[in-house]
Structures are given as structure tokens and as C-alpha cells.
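Chemist: So the sequence lines, in the order shown, correspond to chains A and B. If you want this note's numbering, it's the position in the first sequence, counting the first as 1, plus 4. If you want this note's numbering, it's the position in the second sequence, counting the first as 1, plus 4.
Simulated from the structure, these hints should not be mistaken for lab results. None of the values given here were measured: they were computed from a predicted structure. Glycine included, every Cβ here is placed at the ideal spot set by N, Cα and C. Please note: incorrect hints may appear among the correct ones.
As the list claims (entries may be wrong) - Below 25 Å or equal to it, Euclidean Cα-Cα: the simulated DMTMM-like pairs (lysine to aspartate or glutamate) are: (1) K246/A to E56/A; (2) K13/B to E211/B; (3) K13/A to E196/B; (4) K13/A to E211/B; (5) K13/A to D26/A; (6) K246/B to E220/B; (7) K246/B to D94/B; (8) K246/B to E99/B; (9) K246/B to D26/B; (10) K246/A to E50/A; (11) K13/B to E196/A; (12) K13/B to E211/A.
To be verified - The calculated label-pair distances, taken between Cβ atoms and stated as ranges, are: (13) E196/B to P176/A: 37 to 45 Å; (14) G118/A to E238/B: 33 to 41 Å; (15) D177/A to A216/B: 17 to 25 Å; (16) G47/A to A216/B: 38 to 46 Å; (17) S120/A to G217/B: 41 to 49 Å.
What the hints assert, rightly or not - Computed far set for chain B versus chain A, every beta-carbon distance over 12 Å: (18) A55; (19) R98; (20) E99; (21) D177; (22) H206; (23) A216; (24) V243.
2 protein chains.
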Amino acid sequence: MTTAATGLKVHCHLLPQPVDSDVAVVIDVLRMTTTAAVLFDRGLRELLVVAEVDHARRLAVEHDALLLGERGGVPLEGFSGGNSPREYLDHDLREASAILCTSNGSRAVEAASGASHLLLASIRNAGASARAALSASDGRIDIVCSGTGNRPSLDDVVGAGIVIHELLDLAPDADLDDAARLALLTAAPAGEASRLLRSAQHARTLERLGFAGDIELALERNATNMVPVRRGLEPAIFVGEKGGGR
Amino acid sequence: MTTAATGLKVHCHLLPQPVDSDVAVVIDVLRMTTTAAVLFDRGLRELLVVAEVDHARRLAVEHDALLLGERGGVPLEGFSGGNSPREYLDHDLREASAILCTSNGSRAVEAASGASHLLLASIRNAGASARAALSASDGRIDIVCSGTGNRPSLDDVVGAGIVIHELLDLAPDADLDDAARLALLTAAPAGEASRLLRSAQHARTLERLGFAGDIELALERNATNMVPVRRGLEPAIFVGEKGGGR
Chain A
5 MTTAATGLKV HCHLLPQPVD SDVAVVIDVL RMTTTAAVLF DRGLRELLVV
55 AEVDHARRLA VEHDALLLGE RGGVPLEGFS GGNSPREYLD HDLREASAIL
105 CTSNGSRAVE AASGASHLLL ASIRNAGASA RAALSASDGR IDIVCSGTGN
155 RPSLDDVVGA GIVIHELLDL APDADLDDAA RLALLTAAPA GEASRLLRSA
205 QHARTLERLG FAGDIELALE RNATNMVPVR RGLEPAIFVG EKGGGR
Chain B
5 MTTAATGLKV HCHLLPQPVD SDVAVVIDVL RMTTTAAVLF DRGLRELLVV
55 AEVDHARRLA VEHDALLLGE RGGVPLEGFS GGNSPREYLD HDLREASAIL
105 CTSNGSRAVE AASGASHLLL ASIRNAGASA RAALSASDGR IDIVCSGTGN
155 RPSLDDVVGA GIVIHELLDL APDADLDDAA RLALLTAAPA GEASRLLRSA
205 QHARTLERLG FAGDIELALE RNATNMVPVR RGLEPAIFVG EKGGGR
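One chain only, chain A, in its complex shape (with noise of 0.2 Å):
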């Protein structure tokens, strides 16, 4: 993909809003939008995105899906597996459907739902996430961080900061909004965000609940090239594509 003039506009979220425009891009980077990029890694072929445990239930059944999901770093009871990406990483998912139940980054996919496009980014996937959302824009990309509660979370305007910068090096033009200057701060140098994202609050939780090795997992910028892309609406139904050459 070459750079070029393309009066894109990129407006950032730091906590889930209504979007209506072309192409939301929604991030949870500890960890719902890192573990689903995991997911597809591993050669899963849908992934549905809930808030409810007993909503997940239900369409495990249905779908004949795995359950994945927890509540506070705690597992729950007949779910085959939590939040963790690392617990995924050396599972084959071929031709497997999950349920994820997650409770901030359902809110973000559902506030973002009126968009034509809704795909899940991290900073594992930031560069072909940042593709994909330019390749599907008509002008307008909203990103949308999934906070903790009614808070804006620091690894999430981190994740922010990444894919933004990463669309800045497709169109270097683009006309961002105050809160995408802000967390662009978070970027650069790259050491920075690691600090950063390191010291977030839910990072710090993670952390006391022993999961640091998801927040290293979450910091690999770029490993995959793996984007989940909504298919269907009702539930919010994801696919993995590859998003563009690296």
C-alpha cells in the first residue's frame, strides 16, 4: 500500500460512544481484542463477543461453541477456559467457534455497533488492523477504547495511540480529533508505551492476580497480521482476516 492524500478524519473514543461512521475499530488490549487475535491465530473460525454469562451459555449451546471467559480473574464454573491469551497460544482452534464473554469490550462492540465496519484491534495486531480499517474507510475511521467500568484505561489509549500511529504511516494527512493527539502521545518512542502501558491500573491488577505474561503477550506490536472483522450483527458474530502483507 502506497501513502496518499486521503482527507481521513480519525476520531478516538477513550471510553465506548455511539458510532455511526464507516469503520469502527474497538480495542481492549487487556484483553479481550489481544486474546481474540490469539484466537484466530490459532485457526479459530468465529468468535461471538457477549457481556452475559448466562447469554455465553446459551450460545455455546447453540452455536456448539466453546466458552471462554471470566469474571475478575476468576473462572467460571463449565467454561473451558478464561481471558488469558496466553492460554491459547499453543491450542488448535481449526474449524472451532467460541464464545467470548467479556464484559468492557462487549460494551465497546455493542456502543460501536452502528458502524458498516467494526473490527478488533491491539497492539498485536496494530499494523494490519490499521490497514484493514483504511481499506474499508469512505473517509472516517472512530476507534474505540472499552475502559474498565466508566474509566478511561491507560493500555487501552495505549493500543490507541499504536494503531493510530500506525494509519498515520498509510495517510500522513489524516485530520485527527483532540483525543487521538492524545493518546498519539502514548506511542512515541515505543519504550514509552511499554512504560506506560506497564503502569495502567488493570495492568497493575493483572499482574497481582498472576497474569504479567498476558501484558508482555499484549505489548508484541505487530506479531500477527490476524484481524477480527464482525460478519454478523446479532450477536456480534467475528471472523479472522489477514490484514493486508506485512
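Please build the complex by placing chain B on the supplied structure of chain A, with the hints as guidance.
Modeler: Only chain B this time, still in chain A's reference frame:
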């Protein structure tokens, strides 16, 4: 003031949100809180901050007060001045009362009204505001940015970052939440803060409307020790207090 272990928690809100903490620091760099600092520097006795034009007109009669404000950069009929801090630099306002009619700043004051102490901070009085906030605090300070409409404003985030930077000079062990860490990124080095503020959407709008001088005035860090602090609750009445020695 000497630095000491304070156990201070600093929360930052990039948009107005209800707070019920000890101390709320409201920030509307372009231009409400900057203008307020200038008005008290010129001798103003009390300032009422309100959102609605008709409400402002009624209060001006009740309080025999100057009526200041504008909508979208356009002066209002019957008002003696606008929102531009530069208008008041040479005015003698000793013993005067004023009503300042402003939409975004008023919304932030309203949102933060549950705090025991409420003060108006800007880059012009950042150091004095930090000292005043810390000495009023029982352990937590909430910084509330006004934003523009429902979007975070980079100018306010830069102001918040500079106030947080000043707070860390006084309380180096303060515990910052994610939004406060993000705001702090904008504060250092100083040249970067100026560039960022000038790039803010609202700064560019003001420049187009002929108010470029307001931006330069808003950027004068620690130009004054004057801190507008709330005295009355309903309506929000502010008086000027010296925020500690320099």
C-alpha cells in the same frame, strides 16, 4: 511548603463527571477558568458561573453584577463583555461582581458540585491551584476537565497535566489514576504542552475567530497566584484567594 509523603490520590476526569471527593479542580483553559483568574487579578470581588443566558441576565440584576459571556464567539445583547481574558487585562474591577455565562465550564462546575472544596484552575494559576487543592485535601483530589460538548478537549487535558505536574512537585508519591497519567504526558517538556494546546480543535477555532491572543495568554504558566474558590453553593459563587506563596 515542603514535600512529604501524603498518600494523596489524584483522579482525573477528561469530561465532566459527578464527583463527591474533598477537592474538585475544574479546568476550562479555553477559556472560562483562564478568564476567571484574570478577572480576580484585576480586583473582582465575586464571580458567578452560569450556563444559561436568561439565568445570567436575572442574576446580573439581583447581584448588581457585570454580565460577561458570549455564544460561539459572538457577543450577547446587553452583556458588558465576552469570554476573552484579554478584554479584562487593563480593567479595574475592584469591588465588582460579575456573572460569567459559559456552557462547557458551567457544566463541569455543576458536575463537580458535590466536592467539599471547588476551585477553578488554569495554566496561569496552575502552581497556586495545586497548592490550594493540596492544602484543602483530605487525601484525594479530583481534576475535572470541561471538554467541548461531549468530547475531551486537548487544551483542558494540557491544563490538567500541568496542574498534576505541579501537584507532583508538592507530593511526589501521589497515586495517579490512568487518566491523570495520560494528562501528565502532555505536561513535559513545556514546549510540547504549548504545541499541543495550539493544536487543540478549540484553539484552532478561536484562532479563526480572531482570538489567537487568548491562547498565548492561556499558556502563561504561573502568571498569577490567584485561585477562584467556591464560596456559595447555589448559584456557584467564586471568590479569589491567594494560593500560597510563590
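Chemist: Between K246/B and E99/B, is the straight-line Cα distance small enough, at 25 Å or below?
Modeler: Between K246/B and E99/B the Cα gap is close to 17 Å, so the pair holds against 25 Å.
Chemist: Between K246/B and D26/B, is the straight-line Cα distance small enough, at 25 Å or below?
Modeler: holds (19 Å)
Chemist: Do the alpha carbons of K246/A and E56/A lie within 25 Å of each other, as the hint requires?
Modeler: Answer violated: K246/A to E56/A is near 29 Å, above 25 Å.
Chemist: Do the alpha carbons of K13/B and E211/B lie within 25 Å of each other, as the hint requires?
Modeler: violated (36 Å)
Chemist: For the pair we were handed, K13/B and E211/A, check the Cα-Cα distance against 25 Å.
Modeler: Holds. K13/B to E211/A sits at ~21 Å (cutoff 25 Å).
Chemist: A55/B: least C-beta distance to chain A exceeds 12 Å?
Modeler: holds (22 Å)
Chemist: Going by Cβ atoms, does V243/B stay more than 12 Å from chain A at every point?
Modeler: Check passes; 32 Å lies beyond 12 Å.
Chemist: If I take the minimum Cβ distance from D177/B to any residue of chain A, is it greater than 12 Å?
Modeler: holds (15 Å)
Chemist: For the pair supplied as a hint, K246/A and E50/A, confirm whether the alpha-carbon distance does not exceed 25 Å.
Modeler: holds (14 Å)
Chemist: Would you say H206/B is clear of chain A, with no C-beta pair closer than or equal to 12 Å?
Modeler: Since the minimum Cβ distance to chain A is about 8 Å, H206/B lies within 12 Å and the statement is violated.
Chemist: Hint check: K246/B vs E220/B, CA-CA at most 25 Å. Holds or violated?
Modeler: It holds: about 23 Å lies between the C-alpha atoms, which stays within 25 Å.
Chemist: Given the range 17 to 25 Å, decide if the beta-carbon distance of D177/A to A216/B lies inside it.
Modeler: holds (24 Å)
In this structure, the hints that do not hold are numbers 1, 2, 13, 16 and 22, in rising order.
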